[in-house]
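Keeping their order, the protein sequence lines are chains A and B. In terms of our numbering, the first sequence opens at residue 80 and continues consecutively. In terms of our numbering, the second sequence opens at residue 877 and continues consecutively.
Worth flagging that the hints you see were computed from the coordinates, not collected in a lab. Mixed in with the good hints there might be a few duds.
[Said to hold, decoys possible] Examples of chain A residues toward chain B, derived with CB under 7 angstroms:
id, residue
1, Ala-149
2, Ser-160
3, Gly-176
4, Ser-200
5, Phe-335
[As the list claims (entries may be wrong)] Cβ-Cβ distance ranges computed for the label pairs, FRET-style:
id, chain 1, residue 1, chain 2, residue 2, range
6, B, Tyr-1010, A, Thr-92, 25 to 35 angstroms
7, B, Leu-1094, A, Met-215, 14 to 24 angstroms
8, A, Thr-92, B, Ser-1041, 29 to 39 angstroms
9, A, Pro-114, B, Ser-978, 47 to 57 angstroms
10, A, Ser-227, B, Leu-1094, 31 to 41 angstroms
11, A, Ser-227, B, Tyr-986, 31 to 41 angstroms
12, A, Leu-177, B, Tyr-986, 53 to 63 angstroms
13, A, Ala-228, B, Thr-1163, 51 to 61 angstroms
For glycine and all other residues, C-beta sits at the position ideal for the given N, C-alpha and C.
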Amino acid sequence: MIEIRSVTRSYGTFKALDDATLTIREGEFFSLLGPSGCGKTTLLRMIAGFDDPTSGAILVDGQPMDGIPANRRPTNMVFQSYAIFPHLNVEQNVAYGLKRLRALAQVSLVGLGKRGATELSGGQRQRVALARALVMRPKVLLLDEPLSALDKKLREQMQVELRRLQQAVGITFVLVTHDQYEALALSDRIAVMFGGRIAQVASPKEIYQRPANRQVADFLGGMNFMKGSVVEANGATITLDTPGFCRVRTDRPAGFSGNGHATLGIRPERLRVLWDDARASHEISGKVVERHYFGEITHLVVDVPGFEKPLSVTETNDFGADDLPIGAAIRLGYDPDALVAMAD
Amino acid sequence: MTAVAEASASPRSGRGHRRPLLQSERAQGLALISPTLLYALVLLVAPIAVVITYSFWSQDYLTVDRTFTLDQYRIALTEPIYRDLLLRSLWVSLLVSFFTVSLAYPIAYYISFHGGRHKSLWLFLITIPFWTSYLLRVMSWKVILGYNGVLNSGLMGLGIIDEPSTALLYNTSAVVITLTHAWAAFAILPIFVSLEKVDRTLVEAAKDLGDGPIRSFLRVTLPLSLPGVISAILIVMIPTVGDYVTPKLVGGKDGVMIATAIETQFKRGANWPLGAALSVITMIVVTLMAASIVLIIRQAGRRIR
Ligand SMILES: Nc1ncnc2c1ncn2[C@@H]1O[C@H](COP(=O)(O)OP(=O)(O)O)[C@@H](O)[C@H]1O
Ligand SMILES: [Mg+2]
Chain A
80 MIEIRSVTRS
90 YGTFKALDDA
100 TLTIREGEFF
110 SLLGPSGCGK
120 TTLLRMIAGF
130 DDPTSGAILV
140 DGQPMDGIPA
150 NRRPTNMVFQ
160 SYAIFPHLNV
170 EQNVAYGLKR
180 LRALAQVSLV
190 GLGKRGATEL
200 SGGQRQRVAL
210 ARALVMRPKV
220 LLLDEPLSAL
230 DKKLREQMQV
240 ELRRLQQAVG
250 ITFVLVTHDQ
260 YEALALSDRI
270 AVMFGGRIAQ
280 VASPKEIYQR
290 PANRQVADFL
300 GGMNFMKGSV
310 VEANGATITL
320 DTPGFCRVRT
330 DRPAGFSGNG
340 HATLGIRPER
350 LRVLWDDARA
360 SHEISGKVVE
370 RHYFGEITHL
380 VVDVPGFEKP
390 LSVTETNDFG
400 ADDLPIGAAI
410 RLGYDPDALV
420 AMAD
Chain B
877 MTAVAEASAS
887 PRSGRGHRRP
897 LLQSERAQGL
907 ALISPTLLYA
917 LVLLVAPIAV
927 VITYSFWSQD
937 YLTVDRTFTL
947 DQYRIALTEP
957 IYRDLLLRSL
967 WVSLLVSFFT
977 VSLAYPIAYY
987 ISFHGGRHKS
997 LWLFLITIPF
1007 WTSYLLRVMS
1017 WKVILGYNGV
1027 LNSGLMGLGI
1037 IDEPSTALLY
1047 NTSAVVITLT
1057 HAWAAFAILP
1067 IFVSLEKVDR
1077 TLVEAAKDLG
1087 DGPIRSFLRV
1097 TLPLSLPGVI
1107 SAILIVMIPT
1117 VGDYVTPKLV
1127 GGKDGVMIAT
1137 AIETQFKRGA
1147 NWPLGAALSV
1157 ITMIVVTLMA
1167 ASIVLIIRQA
1177 GRRIR
């Protein structure tokens, strides 16, 4: 549906986007995820036609977009600021691109038609922007952080609505966001970007469970990192020894050179506290050094002999993790499959 | 002084607390603006009051008769000469504001949208001609438009005309040309400011929704910059109606405007009440014209959508 082929966008010597290549499939909810300033908007604006690549090509629906102005591309955009026309009312805003009026019903704006654009709440502005783009029946809807201006509650509600809307209209959505939970919850696939480069393109589950490198792992939720020494590397798998964990065999990370060391990671929620005489096939033990209460979960920092850094553990409060005293000796169980090897 | 005393003495109790404080704030505000207010009263309201008062009197040679009469208004409105002069003044000011704004808009647009990092430099350059005296600039138009002027020599040199044209100077067009040039910067600045305020993503949104460059300009940029256009028109039009120097210097017999007639009444004609009545009528008509132009432009802006 959309093909980005080695696209670079330079401002002087600075590359806002550096040799990006990716394919977005038809009907897919695709997210561009990354910290602020990593080039997400730059890429989205080039797809929309507001900016041109310094080099490389963008194809939409098989058509090269080179030289085609924004008004003749099969894409529509929901701007980060929503860009609601202040001199028009809701109806005129929504119908801006149409020759004739159509319904405002799809995004629940009924009854707001004659209201001035300046009298709308954040959520309503977002809906107007969405409706205005959707009535154009684009093949691709581009959304630049459409929810970042809303408060948490409304944002979560709009995330659900956005996902439903995408399934209802069935067109390709390309969402720009810096919120990893938003990307994980909404997307079919995610491209994670850092400093103008695309680090990984995969499904949310894969990105979370098999991050391509340390940066990706770190950006999407917490991760305990450690160095593992390579015992054996053959074909698609490598075997590693770690200071505290057992010997593990995992998928060989992309870009792994061969011998020596590799980085291993385990998510804090994949380590679980073993209460009383509960046992697990793989265990390590340590001392609680910090405890942070988050309502439904508690975040523990556990010092385990042999590790350079204490481990982060998130634990539900069902069994009293919120009452564990500092200094308590605990045992942690883990599943060797939860350990991932990655490039640095 | 009383205002300050009142503020510090305000009681601290519940509801009663609010009003004295507010009142005293207002009093303080008044105290702050009072020098300006006084100045404005003395220099603006008082002369206008004097002019209005005079317009209801009459004068016979050097004696002013202070009995109330509407005679001056009758004369001012029925004498064809005054009506024609007033109409011509309005027409000239209308033409001048039209041409000035039409020329100023593209310049302001260019600076705002394509000025890049040099916007302030461009604006600075535009003000340079205004460092010289207004009279000098009018005089230089005389040099350009005159019988042996730059324009005539140029046109003759190119063989477009055989002998110098007299149609360039001492007529209404000369007045319009000179005034248009004189007021250019005053029109460029407000239009520039309102164009600067147009959110560029709105223009992108218009393009995203299918508008080409011209349609997005007409539907988004122009309506959103109308406040600047309106101020520019008012800034140019209102003073132009009463302009007196330019018609005198480049207007000749054809270019005489109402201000000249008013001047004559106050000086050689020695009929202050008639001059006053003409001034009052001019003020009223200008106000009406300005208001209707604002309304018309607003309506037109609404129509474009
Ligand atoms: N017009 C521009 N001129 C210079 N640098 C720019 C311009 N637009 C964006 N950049 C830079 O490019 C980088 C990527 O910007 P952007 O795509 O907006 O990031 P984000 O991922 O936050 O949307 C940023 O470092 C930004 O400063
Ligand atoms: Mg951005």
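* **Hint check, failures only** => Structure breaks hints 4, 5, 6, 8, 12, 13.
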